[in-house]
Structure formats: C-alpha cells, structure tokens
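Peer 1: Make the complex out of the two chains shown on their own, each in a separate frame, by following the hints.
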Amino acid sequence: MNHVASKNLNLTLKIWRQAGPKQPGGLKTYQVRGISTDMSFLEMLDVLNEQLIASGEEPVAFDHDCREGICGTCGVVINGQAHGPDSGTTTCQLHMRRFHDGDTIVIEPWLAKAFPIVRDLIVDRSAFDRIIQAGGFVSVNTGNAPEANTTLVPHHVQQDAMNAAACIGCGACVASCKNASAMLFVSAKVSHLASLPQGQAERSKRVLNMVATMDAEHFGNCTNTGECEAACPAKIKLSNIAQLNREYMKAALLSKE
Amino acid sequence: MVTVADTPLDGRCPDGNIASRWDQRKRDLKLVAPNNKRKYTVIVVGTGLAGGSAAASLAELGYNVLSFCIQDSPRRAHSIAAQGGINAAKNYQNDGDSVWRLFYDTVKGGEWRARESNVYRLATLSTSIIDQCVAQGVPFAREYGGTLTNRSFGGAQVSRTFYCGGQTGQQLLLGAYQAMMRQVSGGGIKLFTRREMLDLVVVDGIARGIVTRDLVTGKYETFVSDAVVLCTGGYGNAYYLSTMAKTCNVTAAWRCHKRGAYFANPCFTQIHPTCIPVSGDHQSKLTLMSESLRNDGRVWVPKTKGDTRSPDQIPEDERDYYLERRYPSYGNLAPRDVSSRAAKERCDAGFGVGPSGMSVYLDFSKAIKEDGESVIREKYGNLFHMYERITDENPYKVPMRIYPAVHYTMGGLWVDYNLQSNLPGLYVLGEANFSDHGANRLGASALMQGLADGYFVIPYTVGDHIATRKVKPISADRPEFHEALEAAKSRTAAILNVKGTHSTEHFHRALGKIMWDHVGMARNEKGLLHAIEQIKTLREQFWHDVKVIGSGETLNQNLEHAGRVADFLEFAELLARDALYRDESCGGHFREEHQTEEGECERNDADFSYVSAWEYQGIGTESILHKEPLTFVDAPFGVRSYK
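Protein chains in written order, with my numbering: chain A, 1 to 257; chain B, 1 to 643.
Isolated chain B, as found in the complex (with noise of 0.2 Å):
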C-alpha cells in the first residue's frame, strides 16, 4: 500500500492567459540589487547545457559562482553527445511554426503528462536560444545565402530544428563552456573540476552547500553557498546499458533526495529507437545513431519471419516499412516511444534482422539514390563514420541495423515553475528535473530546456529566493556541514570495508539486466513486483559481497563507481515502485495491462493525470506519494495519434 500524501502538490504556476505567464511571474519576481549581487554565492553542479549556460548567466549577473563538475574539464559533459539539433519555433520555414505548435506538439509528444505552463515558457524561450547561441559563435547549419537552415524531427510536422551536422550537442556546449570560461578568467566563477558531490546540506530547512569528494586526492570538502543548483543529468545508466557517458549517475540527485528533495516521475525513461544493437556480453555501453537519421532512412524488417538473405537480396514487395504502414502521416518520424515499440514488437514477433534477430534496417538507399551520395555525406558524415567503426559496416552500401535504446529520462527532482525543489533554495535544471517533457520527450527538446533552464530562467528565479528569504551568511562549522561531511566519509568507508568477492562491474550488470528485462520498453504488475524483490535482494548481496580495491585516498575510478551503483541500487527500486503505481499506459511508461488492439499506449487521464512526486522515507520504508494534479486548458487533452 502506498501512503498517499493528503495535501496535493503546487506547482506554484501563474495564473491567467498562459501567453503571458512567464512575464507576470518576472514581474513578481522580487529582484537583488547588482551591487549585493557579489555578497551572494551560487553553487551550481554539473557543467552540461543547464548546469553551463546557468553558470555563465549568474556569473555575467554579478553573483559568485562556484562551479562543479565530475569531469577533467567542464566541456566535456554528456551535453556534447547530443547529435541532431535544437527546436525553437522561429518558423523560419514558414511552414506554420509557432510558439504555440511548439508548445502544443511538446504536450502532446510528453501525453499529457507535462505542466502546460512550464511548456509553453520553453516554447517561448526557445527563440532567445538560438540567438544567445549564434552570438556566441555557434556553427550553426545555413543556407547558400547564409540564413539558418533547419531540419525536421520526430514528431512534429514543421521543420523547427537547427542543428550543427551531427554535432549540436557538442557546439552548444562549447557555447556555454566558453561563456564560462570568460567567466572564471574575470573571477566571476570559480571552477572545482574532478568532484563528486555526495551530499546535500540543509540548513533550518533551506539548501545552503554541499559536500564533495576530490577524486584526485579523495580529499572530503563542504561548500557554503546561498542557493545550490543541481544540473547533474539523467539516471539512464541504472539500465547498465544506455546512450549516456560512463559517469552519468544519480548520486547528486538521489542524496539530495534522500534530504527531501522530492523525486518525480522517476518511471518516465525513454528508449530511443535507433541504437546500434548489442554485438556482445562485453557491451559496455550504447551509441545513438541521431534521429535525425530518420529524415532520410526508411525503418524496415522482411514480410517473412527469419528471412536471412542479405538485405540486398530482398525485393521492394518483400519488405515491411512498418512505420510507413502503422503511422502513415507521421511515417518514419513517429516519435520515439512510439516508433521503439513498434521495432520490439516486429522483433519480439520473429521478424527482426541480424545475427541475434534483436535489430531492424534503417535503409537510406533510396536517400543515396535520389539525393547522391555527397547530400547525404555533408548531413551525416561523422554518424556514418561512427556506424562503420563501432560495426564494420558500411552505411552508404547497407542499411544500418538498429535497436532500441535507454536514451534520456524525464523523471527527475520536482520543481515549482520557478525551478525550485520542494526544499527551498534547491533548484533543479535541466534532464536533472522532470517538469517539461511528461511521459515522453520529443527529440531536439533536451537542449532546448537545458539552455532555457540555464540562460533565460534561473537568472530570473534564484534571485528571488535570496531576496525573498533574505539569507544570511553562515559559516561550515556549523553542525549540519559536519553531520553530511561525516555521513559521506563513512558510506565510502563501508564500500571499502565490504571486502567482498564480487566487483562493482557484476553488480551494475546485473542491476541492468533486471531494469531492462522488467521495467523496459513493456512492464507489467508481475514483473514489476518480481524487480523490486530483486533489486532489494541483490541491494543486499552487494552490501555483503562487493569488492573494491585500493583506497580512498587516492584517485579510485572503482571506488567512484561502486559509489554510484549504491545509489542506483536504492533509487531503481524507486523506479520500479513508480513504474508499478501508475497502472495506464503513457509515453515511455508502457503497462502491458493498458493498451489497445492494435498495441498503442492506453492513457487513463480520469485517475492519472497528476505527477508523481515521491517523498523519502528511509530505505526498507514505502515512500511517500505527493500528488500535483495537471490540468490541461491551452493542450486540452486528447488522443496522442500519429497514423
């Protein structure tokens, strides 16, 4: 039984016409002075597009930033694996893009599962973006007269992505990082690369440092800050096998869950649909190939059940675009949840390709064919330099086989409009968060909320809260920074002491196995139940058997990592759990018990429609369930139809 929390959850939005929301919420917004700007201190975590862009911002305003990240240099966060672009609804096309068409696909792509007013601030935001972003000097693809160009994505019907060849991610990223970087050389941010932070520190009720570990020197640090901004990204990697870098993890997040912080929609994973497929046990990790692919490719398998000719062999008549088939208007830029269950269940029915028979063909023959060769180069070289080194096949002479993937999550730490944690001064940015994309995130949409998230609403919001609350100046020794120092040192410690047989790589593998087998792409109430079983049970096996070598002292990748699996081993229980009290069918959140005939999501909006917030309540206790009731007025609710 779930404990359900009396009191429902706000989310503090504006009111009146949802065009002008955002600027009544500015002109709410009590304002610091730019002269006590600099008597403040920010900590921001995380360097990716939220985490950098907020950085620059807070810092440009006058604030004192201090920044953090787990890598050796903020620009190389998981940002800068993003491929295929960036929406923003400049209708540059003129093809009847608008803020609103923007807003409206991102609600309906999300299923209603999204807070209508925080979309259509993104939707709004989204044309600064770009502009920030050029001023920068982002490279962003142009015509031959030398406007900006855009392509399309899944999921919409206009062209609204810009995009810089296969490499958005990375250039967008280089945009925020060098605006840091200017920073730091004016003082304005100070950078702490190579730290983990472990533990968030609550002061009479309001967020006010963090605790790090240095993982070049395992040295413990507490900084006192005047607001903490989690921009630490998404927890795919409790799958194992997932698109995000070695490192994403949910430690941040979870600790300051484990504070209060309340986690919302953590079942709200996506599995991203093109994914070069597993070729073995010694998979380590999952490489995207951009949706953006699907401009060009045609998504098929063969009419016939284990037909193993070369695709080559096998005529026009004989092969299943079932895409093309299933969702007609849309065709091979169905959105993403969508389009991954359809590839299963082609496969799961006998007809996939390949030598496990777990992948379909994503053909640009006909692309080649009627655009030449060089058109498809100059769009996806570098994707089709990287297809061919990771499988030995050559794209521009075979079609590409792919699979599906753990790719992003919408679930994350619940935020107000204002980007605020339900304890107070935490705020959560970007994939860290879970308010704009509801159960299903539309490609080209992740870079558009870090960005908006960092450059144009955090430096609105977190002055607020320091002028609001009128903070005060406190000092590290006070007992709650000692209290969390020592709770970080001695959760390291008890990894080090387990002394066991079993290495932490065992541990995550097999955490993955059980997320994906169970709380995939299809989950139902068995499985669901048999996961959580398991996951407690292995929870324990690795408390009692993990083995890590070394000290931790030192630098220690095997520390930092058994770490992080910790975590993962509490929160994919939190997963499963939310997974299993949501009994409808919605986006990435597909229950086998709910859906229709023809096997798409069956959406219960009657018992449903709400987010789900969860309040920790001890590991071995049932959390607490908050509720925020979701309205749809300007995106009223509808059937999510792509055919």
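Looking at chain A on its own, in the form it has when it is part of the complex (with noise of 0.2 Å):
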C-alpha cells in the first residue's frame, strides 16, 4: 500500500522508426540507463531523446500533451499491447515500476489502415474528427438553450451517458482490435447522445451518418473480440457496441430521414 523504494532500471528499447509517411520503416534497438521506477513511460522516451540528441541522432517523435491520461494524445503500442499492460491507463499514465531491470520493451505506434504513420511513433487519427462531424453532436445553436433544469435527467440516465462520454479518442479501440474496427469509439458517442433527451430529436440520422463515415474511412468490422474494452483508458464498456447495433438496426429499418 505504501510506495515502495524507487528503483534503477536498465532497459533495451526497440522503437520503430520512421522519417515519413512515404518511408519504410523498422524497428531500431537503444540502451536506456539508469531509468528510475518513478517515472512515466514518456519520460523514460524523454530520457532517451536526450541521449539521442546528445548522440546526434534525431529524437523518437511521439504524441503526447496533458501527460494526466486526459487529453487522449498519447499512444503506443507497448509490448503488443495499446497503451501497455495496465489496465484503464494511457500511456502517459503507466509508470516504469511495471518493468523490471534487463527487459526488453517494443513500442510500435497504432497499426490501422484508418491511421496512417506520420512519423515514427506519431499516427494521423483525424478519421475520428470526420466520423464526430457526420453527426457526433446536437444541434443547437448558442443562444438557444431553454433553461437548463426544463428537462430533468435521471441520476442513472446522467451517469450512463457520463460514462459513455468518458471516451478520451485516443485510438487504442482501433489499434487492438484484429480488425482495426473504431465500433467502441463511435458506440461511446453514439450511446453518450442516444441515453439523453437532448439526443432525440438527431438520434436516427445521427447513427446512420456516424456508421457510414466510420465505413468510408476503412476501419474494419466488428467481430466482437473484446480487445478494445481491455485496452480502453478510459474504461468504455463493449456493452456500449451492442446499444450502437440497436441504434443502427432501429433507425436502419424504421428511420423516415
């Protein structure tokens, strides 16, 4: 329960690199020293950078921000796992006291046709903005709001809708699923909006607009695995696809839009 002592590590890195989208690319091995167990994964990937630059060689670019598991930036592929082995963690989150002296880490960036390489381990997730543009939103212009306690919401409906909204669209749903399928993330909106009364009056159009553009953008099929809601940080509940299906087959069959 209390912390335990920090520790020194000494890894060996193998990191894909890539100068480009157009580039091949590989998996490159570094030494890391002396890597204590009270620092973030990234600041690990700090420490390298700094070794590189020192070196001469040109840094492993990486995503990050917030570095507090928020902003949704931050994301490798970690051992073969998205965002590494804790569970509900992103990246920046997950701390070297899970590692232990002499192992080896592979970090690859998310694989998805849907996310092409920008460089190294920084990925173009901007298919997620477009699906969020097809339909992910009420509208309702500013200024036109009714009072905001008019429509009351139930305790439970909130908290559904709170933990459907949870999604931070990082993009580990995608990256772990065999099919780099983006149901779990579309479902998370879809679900978040459909759950509140203000919701309604789009909720038809809303899923059939969403789930054709998810298709457009080349993310696969869903075949319930289940990887996506191991991997998610933000703990989305696969429960979340079957009420996305329901949506999609209620407005498919009965939607006038």
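Keep in mind that the hints were calculated from the coordinates and are not lab data. Computed from a prediction, not measured in an experiment: that's the story for all the values here. Where a beta carbon is used, it is the ideal one built from N, C-alpha and C, also for glycine. Hints are supplied without guarantee of correctness; some may be wrong.
Unchecked claim - Using C-beta positions, here's what the derived DEER-type ranges look like:
no., chain 1, residue 1, chain 2, residue 2, range
1, B, Arg325, A, Glu50, 40 to 46 Å
2, A, Pro154, B, Asp477, 56 to 62 Å
3, A, Glu257, B, Thr147, 31 to 37 Å
4, B, Lys39, A, Thr150, 33 to 39 Å
5, A, Ala54, B, Gly618, 31 to 37 Å
6, A, Thr150, B, Pro328, 36 to 42 Å
7, A, Lys7, B, Thr501, 29 to 35 Å
8, A, Lys7, B, Gly618, 49 to 55 Å
9, A, Ser6, B, Asp214, 38 to 44 Å
10, B, Asp281, A, His100, 19 to 25 Å
Peer 2: Written out as structure tokens, the structure reads:
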C-alpha cells in the first residue's frame, strides 16, 4: 500500500522509426540506463531522446500533451498491447515500476489502415474527427438553449451518459482490434447522445451517418472480440457496441430520414 | 527606471448601473447583416473552451471561420484537463447565491485587481453557459430527481459549482468541439490542425492575418482575415514544471505583443495548492488533484517537526489542520493562493511530510468514515485512481500527499471590455487575456470565463469591429504578409543554425528553476533582480549553445519546443519585471516585503490599484508601462479575509 522505494532499471528498447508517411520503417534498438521506477513511460522516452540529441541522432517523435491521461494525444503499442500492460491507463500514466531491470520493450505506433503513420510513433487520427463531424453532436446554436433544469435527467441516465462520454478519442480501441474496427469509439458517442433527452431529435440520423463515415474511413468490422474494451484507458464498455447495433438496426428499419 | 505612459489606458467600459452595462453595450454595438457575414473571415487560434466556443458560435452566425490548433485534433486542447467544475449563479441550492454574489466573490477572490464591469458581465453570463452546455448534451451531475446538482469550491460560501465527475473540462470541451465539428461539416469552419501560429500580421494598424507553420510538413503559410481571435491559453510553462500540457506556450501571445499588443499583469500567476509533489529530477510535468477534493479532504501536517511516523500512527491531537486553524470560516476551502502559501509556510518551517519534506497531507479518512467509500468513489474515483497510478499509494487507505504547483496565469494580453486588444481587430479570449480574475482566480471560474468569452461575448463584439471600421478585403501579397512570413522563417532557421551543445530541454529546465526559485510563491526585490540577470544570461547562452537536431522541413518536435522556449526566455524577463515593479502583495503575487505579522498579503490600493499593461520596445530595451486605473464602486475595497 505504501510506496515501494524507487529503483533504477537498465532497459533495451526496440522502437519503430519511420522518417515519413511514404518512407520505409523498421524497429531500431536502443539502450537506456538508470531509469527510475518512479518515471512515467513518456519520461523514460524523454531520457532516451535527450541521449539521442547528445549523440547527434534525431529524437523519437511521439504524440503527447497533457500527460495526465485525459487529452487522448498519447498512445503507443507497448510489447503488443495498446497503452501497455496496465488496464484503464494511457501511455502517459503508465509508470516504469511496471517493468523490470533488464527488460526488452518493443514500442510501435497504432497500426491501422485508417490511421496512417506520420512519423515514428505518430499517426494521423483525423478519421475520428470526420466521424464526429458526421453527426456526433446536438444541433443547437448558441443562445437557443432552454433553462437547464427544464428537462429532468434521472441520475442513472446521467451516469450512463457520462460513462460513455468519458471516451478520450485516443484510438487504442482501433489499435488493439485485429480488424482495426472503430466500433467502440463510435458507440461511445452514439450511446452518450442517445441516452440523453437532448440527443433524441437526431438520434436516427446520427447513428446512420456516423456508421457510414466509419465505413468510408476504412475501419474494419467488429467481430465482438472485446480487445477494445480491455485496451480502453477510459474503460468504455463493450455494451456500448451492443447499443450501437440496436440504434443502427432501429434507425435503418424505422427511420423516415 | 520604468517609463510610464502619460495617458492612462481606458478599458472602454459602459457607464451606468453595473447590472445593465452589458445590455447597454449590446445596444451600442454595430451589427453586420446576416447576408453580409459570409463575406467576412475570422481567424480563431486555439480550440480550447474559448476558441472552440468562439469558432462554433461565429460560424453559426454566418462568418467564415478559420480555426487553428497545435494539436492533432481540436478536442485535445488543454481545457480538457480541467477537473472540478464550472461556476454559475443559478442559485439552484437556494443557499443565497446571486449574480451579485458571484461577482463579489470573484472580485474579492482576485483581490480587487480585476475590472468590475467585466466581472459583473461574467457572473451574469454564467447561467446561460449552463443552459447552453446542457442543451449540447454535456452530462452534468444530477440529483436522483433529475435536477442538476452542485458542489462547493474554494473562496465561496455557497454551492454553485456544476460538474461532470472529475472530468468537467473534458465534457465542456467536447461540447464545444462537437458544436465546432458540426460547423466544419456545414462548411462554416475550415479547420487547420497541427498548425502553430508564429506571427500576427498588422496592416495599417489593424490585425489582418497570421503566419503559421504546418507542424507535419514544416511549411509556412499566411492567412488573411477581417479579425483575429486569439485563444491560446496561459504561459505557466515558463516555470517548466506546471500542471499545463506540454505544448502550452506563450508564443502566439508573445508574437502579438512584439507586434504591438500590450501584455497585462504577467506577474499574476496562480500556484495551485493541491498537486502531486515532485518525485525526482526526471519529472516532466505536474498533475493537479482537483480543488473539489477539499470538499471532503482535510489538509494537515504533524504538530511536531520532522515527525517521520506514518500518518495513521499520528493521533488526532498531534495533527495540525492548519487551514482549519488559520481560516476557521472557510477552512479547507480557503482560496488557492492563500492555501498554497500556508502549505509553503508549514513546509519551510520544517513540518512538511514525505521523502523530501515538501508536501502536506490531504486526508479523506473522516469523509470515508462518515459517508462510506462508495460515495467518495463516485465523486472522485478517477482522481483517486490517477493519484494511485502516479504515486503507487492508495488514497482510500493513506492520505494523499500534495504540494503547490504552477497551474494558471491570470495575466495575459490586455483587452478592453469588448475583449479587443489595443491593436484593433485583435481579440483575446479565455486564459490568454488578463481580464476577469485579477490577482487570483477562484476555482471553477476558468471554464466559466472561457465559455462566456467564446459563446456570449465575441459573437457580439467582433461584428462591431467589422461594421464600424468597414474593413476592406486585402490580399496576402501585401508586403506586411511577406515581412511576417520571412521573419518567422528566419527565426526558425536561426535556431537550427546555432548547432550548440545543450538540448532545448536543458534550457527550459534551467529557466523553470530560476522562475520557481525567485518568481514563484514568494518574491522579493533582491531575488527578482537576480532572476532578471539570470534570465538574460540564459537567453544569451540559448542563442549560442542550443542544439536542435533535424530539419525544419519535416515534423520536428524538438524544433517546435526550441521556438517556444526561445519565446519563454524573452517573456520571463517581462514577468519578473512586472513582479518587481508591483511593490505590493496581492493574490498570487506575494512580495515578502509586504506581509502582515500573520504572513497574509499586504495590498497597497493607494499606489497599485491599476492594471499594468506593458508595451514592447525591443529585446534588451525596457518596456513602457501603461496603467489602466481600477475603481471599485459595487464591490468596494475591503480586507480579503477568509478567517
């Protein structure tokens, strides 16, 4: 329970290096020494990059920003697992105490056709923005809103909506899926808005358009393997995908839009 | 010697009854007809709460909006990390809240260094924000009956904070982001991600465009517009370690400053009392533990110096709940600046806990005993989880350890009541401006300000600029655009050409240490003078010795960082000079020379009741100080006591 005193680790890193989208890529091996177990995974990469700069080699490009697990910017595949070995944890919140002295760590970018590699460990996730653009919103202009307490939202409904809305859009669900499916991401937004009274007016149109865009962006199909749920740092539930399927079925069969 | 401008600066606030000033201003603002709006282009830089809400609202009105962000998606701006909540004077709790009380609390919380008219407008608009966000589907916490619920925050004796678990900023930002993406789909917004603004283009004295660098291709571009709306956040990363995201920077604001925009009150920085303490030299950033935790957590240190017993072995009567002791009426909900200084005082006096002695306990055992672990888990589950991941300690079982860290910056570019800087056509919103929080911001007020500015102020005021000045279309072939473009290119080239021996990170950490040691929670004349000299030396070293690998024609994060650090090295000097000139203690600015016997701030209203707005004169030349006098009629000067 109490913090275990920090130790220093010597590690071998095998990191995907790729100079640009069209260039060939490959794993390159690096050694880092004296990594404190109190460091975050990204701080370990900071140490490597300082070492590379000192030796005149280009540092490893990786996406990151808030470093507190909420912005969804960071994300790499660590020893085959999206965001690494801890459940419900982003790469920036993974700490080196999860590793042992002498370990070899393989670090790769998200691999999916819909997420082209930009450089090294950075991928282009703009497909997610285009899916939201297709309908992941409530059409209400600024200034049109009624008094907030006019519509009551029962506590459990709000909680369901909040649990789905907690998605950070990092793309780990896609990276962990053998089909590179984006169903967990899409289902989180569809469920969030479908569960609230404010989301009802566009409920059918939203799910139809978002799913159509998801398909057009070359994400794979869902085969209910559940890897996405296991990899999700925001603990988005697989049951959202079931809800997405219900929403889609209902809209496809009954919608007049 | 500081040169002070002869003419006082005018905030251009409406006169008359404070409650009707915004209505009056709205009556006076000129309008752009609906079918004419599409002829005008507005650039919005940044996609946090201010930028996202501004871009969406302006596009809804019909303007062509060009929206820029440094991240790979507008959804990732750092507003997303705000945890605790957003204030609004709804008075749903029937506990005596009102627009006036929110206004008064904010003025008092900011230690009478904010503009009364702006703060009153902010308090008035707060209620519309909640309505707007609920309509967008933001899942605010609810009572079992389905109505909205509230929690308490520091510096207030009413419950007026609306929240979404510990992820309020995330949900509000996603609301604004979704509203933006709806406009992207409708063509009202053209979105440019992974673009960094490197300069402002001023034509005939009016802001008419920006220069950006595409962070993926390294390509420089210019964009022309009829107004520029800057929503680029705060400058806390001048301290290296802060709770801000790694890309938060002062570059866009600083480059506007160098083009003539005044920088106001840079010394007003907020050091937040409840952050996870530094664990070692490798530390790359600090993590906040929301102020909302102080609703249920009690702050204490042992009564005995150097007590190394584990906290559960220290009996109740040997604990010093120093906030409850010093500030009985607000207790653990004393405002941030006050709580931070109280923590520093205990640690400096040798009562701190943890391996370095530089932390205090935030203890939930009483609340867990009284309310049960499940209630605490529902309120703060994600924060407790985050704390455990970072520290490897379980806060349900042992008290959290916390210490203050740089969190927010009240200072920013100077703006008038319309949120327009002294450069016509340049508007500054959210944390990037200086306007509403004075010398200290109360918890849950940053989200309120960002959204008030973006949803409800800028849609009115930007039209007035376009209609009044009758801005004419111009082309990017104008020499001003070429000059700004070349300036941005040559600055990047200069950084790459240094080819020195020390990394950007080295210089950034060194700057952070100077700032934290001498321009941090407690400041004095000697330390500030020393800091100014050290910053100058470090800046020279940077330009002779920084080592940036790679080229400017590809994605190069190291180069991006170097450009930002170069600007911090210029800006930090202004921050320290502002702190030196403001020879009083107020809010987040604590000058050791001015304190009461009990160690509280000693403000000097006779000499310092003004906004310090600095005009750039060149690096190495001292800026000119413009003073905007502040008067307080509806919230008259008082003693800021939380005892």
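Peer 1: Run every hint past the structure and note whether it holds.
Peer 2: Structure-based check of each hint:
no. : hint                               : verdict
1   : B:Arg325 with A:Glu50: 40 to 46 Å  : holds (45 Å)
2   : A:Pro154 with B:Asp477: 56 to 62 Å : holds (60 Å)
3   : A:Glu257 with B:Thr147: 31 to 37 Å : holds (32 Å)
4   : B:Lys39 with A:Thr150: 33 to 39 Å  : holds (37 Å)
5   : A:Ala54 with B:Gly618: 31 to 37 Å  : holds (34 Å)
6   : A:Thr150 with B:Pro328: 36 to 42 Å : holds (40 Å)
7   : A:Lys7 with B:Thr501: 29 to 35 Å   : holds (31 Å)
8   : A:Lys7 with B:Gly618: 49 to 55 Å   : holds (51 Å)
9   : A:Ser6 with B:Asp214: 38 to 44 Å   : holds (41 Å)
10  : B:Asp281 with A:His100: 19 to 25 Å : holds (22 Å)
Taken one by one, the earlier hints all hold for this structure without exception.
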